[in-house]
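Going line by line, the protein sequences match chains A and B. Going by our numbering, the first sequence opens with residue 43, and the numbers climb by one from there. Going by our numbering, the second sequence opens with residue 359, and the numbers climb by one from there.
Check before you lean on any hint, since a few could be wrong.
[To be verified] Straight-line C-alpha distance at most 25 Å; calculated SDA-like pairs for lysine to any residue: (1) B/K518 to A/E170; (2) B/K387 to A/E107; (3) B/K518 to A/S273; (4) B/K518 to A/L162.
In case anyone wonders, no lab produced these hints; they're calculated from the structure. All values derive from a computational prediction rather than experimental measurement.
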Amino acid sequence: MLLEVEDLTVDYGGIRAVDGVSFALDQGAVLAVLGANGAGKSSLLHALLGVSEGTVGGRIRFKGEDIRGRRPDEIVTRGIAMSPEGRRLFADLTVAENLAIGGFRRRDRAAMRRDREEILDLFPRLRERLNQSAGTLSGGEQQMVAVGRALMAAPDLLLLDEPTLGLAPLFIEEIMALIAEIRGRGITIVVVEQNAKKALARADFAHVMERGRIVLSGSAAEMGAREDIVSAYLGMH
Amino acid sequence: MTLLSLVVSGLALGSIYALIGVSLVIISKATDVVNFGQGEMAMFGAFLTLTLLRQTDMPLWLAVLATLPIGFLLGALVQLIVVRPIENAPALNVLISTLGLFFVFNSAAGIVWGFDPHPFPSLFELAPITVGGVAVTPASLGIIAVALSVMFALYLFFEKTRWGTAMRAASMNRTAARMMGIRVEHVAVAAWGLAGGLSVISAVLIAPLTFLDQQMMVSIILKGFAGAILGGFSSLPGSVIGCLILGVAETLFGAYVSTSMKDSFAFVLIILVLLLRPSGVFVTNRAKKV
Ligand SMILES: Nc1ncnc2c1ncn2[C@@H]1O[C@H](COP(=O)(O)OP(=O)(O)OP(=O)(O)O)[C@@H](O)[C@H]1O
Ligand SMILES: [Mg+2]
Numbered sequence: 043m044l045l046e047v048e049d050l051t052v053d054y055g056g057i058r059a060v061d062g063v064s065f066a067l068d069q070g071a072v073l074a075v076l077g078a079n080g081a082g083k084s085s086l087l088h089a090l091l092g093v094s095e096g097t098v099g100g101r102i103r104f105k106g107e108d109i110r111g112r113r114p115d116e117i118v119t120r121g122i123a124m125s126p127e128g129r130r131l132f133a134d135l136t137v138a139e140n141l142a143i144g145g146f147r148r149r150d151r152a153a154m155r156r157d158r159e160e161i162l163d164l165f166p167r168l169r170e171r172l173n174q175s176a177g178t179l180s181g182g183e184q185q186m187v188a189v190g191r192a193l194m195a196a197p198d199l200l201l202l203d204e205p206t207l208g209l210a211p212l213f214i215e216e217i218m219a220l221i222a223e224i225r226g227r228g229i230t231i232v233v234v235e236q237n238a239k240k241a242l243a244r245a246d247f248a249h250v251m252e253r254g255r256i257v258l259s260g261s262a263a264e265m266g267a268r269e270d271i272v273s274a275y276l277g278m279h
Numbered sequence: 359m360t361l362l363s364l365v366v367s368g369l370a371l372g373s374i375y376a377l378i379g380v381s382l383v384i385i386s387k388a389t390d391v392v393n394f395g396q397g398e399m400a401m402f403g404a405f406l407t408l409t410l411l412r413q414t415d416m417p418l419w420l421a422v423l424a425t426l427p428i429g430f431l432l433g434a435l436v437q438l439i440v441v442r443p444i445e446n447a448p449a450l451n452v453l454i455s456t457l458g459l460f461f462v463f464n465s466a467a468g469i470v471w472g473f474d475p476h477p478f479p480s481l482f483e484l485a486p487i488t489v490g491g492v493a494v495t496p497a498s499l500g501i502i503a504v505a506l507s508v509m510f511a512l513y514l515f516f517e518k519t520r521w522g523t524a525m526r527a528a529s530m531n532r533t534a535a536r537m538m539g540i541r542v543e544h545v546a547v548a549a550w551g552l553a554g555g556l557s558v559i560s561a562v563l564i565a566p567l568t569f570l571d572q573q574m575m576v577s578i579i580l581k582g583f584a585g586a587i588l589g590g591f592s593s594l595p596g597s598v599i600g601c602l603i604l605g606v607a608e609t610l611f612g613a614y615v616s617t618s619m620k621d622s623f624a625f626v627l628i629i630l631v632l633l634l635r636p637s638g639v640f641v642t643n644r645a646k647k648v
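Turn these sequences into a full structure, and let the hints guide you.
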């Protein structure tokens, strides 16, 4: 198992945002985490990366090592990277600098250059805009920078928090197609999406969260086929 | 004095302001704090440098170079000991604490080194020479050259190095920087340290002209602050230019209008800028960029 999460809790003061979540994830799998606004999806991802603003309880094992309570820089070094909700780019830095910062913890310069080339092949639009400041890009291009920046860390586990939020349909397709491309490189993915149907189409497994708990989990294919489940728990599409 | 020689000495003065102004901006961008104690820390560092000169037979140029690590250490220690513990306190409390730094360093210097002015050796000749028909002091040219070199090194650091880029990233978006594995707490120490180094240089450049005493930096930090505001406060190049303009304008005003009103002039200028161009003189329409 690449990632094992056991009885994970996240508390913000008196509010319990993640309430006893357990699951495991094999190398190379794609997991979709679905759920309504405020269900605790982002809180879960933040806990995995070590950047939670709340108090995190329970166990997080990554590559067999307990990483709960580790600093984010240690976790990034161990192979987890995130494209955060709302993208959070460094707006005044260029695209090239944003990508470079994604690889901040790495020292293998030659491999970084290779990875950068691969990422730019993945997002040809970014190659033309390397020296443009990230804040001036369109929403879809910014999302590509956010994903590319995370990939620059050469992660084994990639966390994607709402990668299609606010994007035009064309970009949504493009980003979703990327998930298949990235998993093809052996990278394990946890993707949080509001766009349930599209996410289920690309994932192997899915967990549905409600008020901090996993209320439903199973194979993505089965869940995607059950219109009743999709509409009952996700109330959409 | 001719206009040109006035401009040169104004630029030298502005260079001193710029080193302090840039220090304030670096700290503010990295940690959201305006450090009113920066000038006093610089003065304190200059006294440490003077002590170093008196206690050892270190050559002057080496002692001036030593101001960088001295200032860095001073800034980094203040960040760790004073600012870090209160970083989540309300902004006003932090502001008051930096005013506290002002008084602590001011009194400490008085207690340790006394309240009389100390002569400070100069790297450069203070007597004017004539260059191409213009009377200038080597000290002015030296100050400008040192400040420009330091600014250029700073530019290379922020634009070309991994750590410099990381510091800019952390100043823009601390949360995202943490997510990328940047240790933002180290960025804060580095920013305070860097600012400490820059401001102690500023103090040892001005000390030979004004003598070193515990009040030496009081008006200089205000001018550095003012010049940085003139340049929009958030941009390093803007702040440098703002400080240079302030230095020249103030010198010309002092020569042609009134010496006694010189300091007030600087502040009238700032108030006008704040009224007419609150985001600084050089900031062009940023709304477009976001
Ligand atoms: N930093 C924080 N401090 C306090 N409460 C928080 C914080 N972050 C999240 N919460 C609360 O925790 C709960 C879960 O939020 P979270 O952002 O994890 O949900 P989400 O499933 O990602 O929602 P969305 O789909 O809107 O992004 C919410 O009630 C939210 O208000
Ligand atoms: Mg969220």
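Open item on the list: Does A/E170 sit within 25 Å of B/K518, going by the straight-line distance between their CA atoms?
Closed with: At roughly 21 Å apart (the allowed maximum being 25 Å), A/E170 and B/K518 satisfy the hint.
TODO: Assess, step by step, whether the Cα of B/K518 is no farther than 25 Å from the Cα of A/S273, and give holds or violated.
DONE: Violated, at roughly 51 Å.
Open item on the list: Just to be careful, I want the Cα atoms of B/K518 and A/L162 compared with a cutoff of 25 Å; is the pair within it?
Closed with: Satisfied, since the Cα-Cα distance of roughly 21 Å is no more than 25 Å.
Open item on the list: What's the verdict on B/K387 and A/E107, does the C-alpha distance respect the 25 Å limit or exceed it?
Closed with: violated, 37 Å
Hint violations for this structure: numbers 2 and 3, all remaining hints satisfied.
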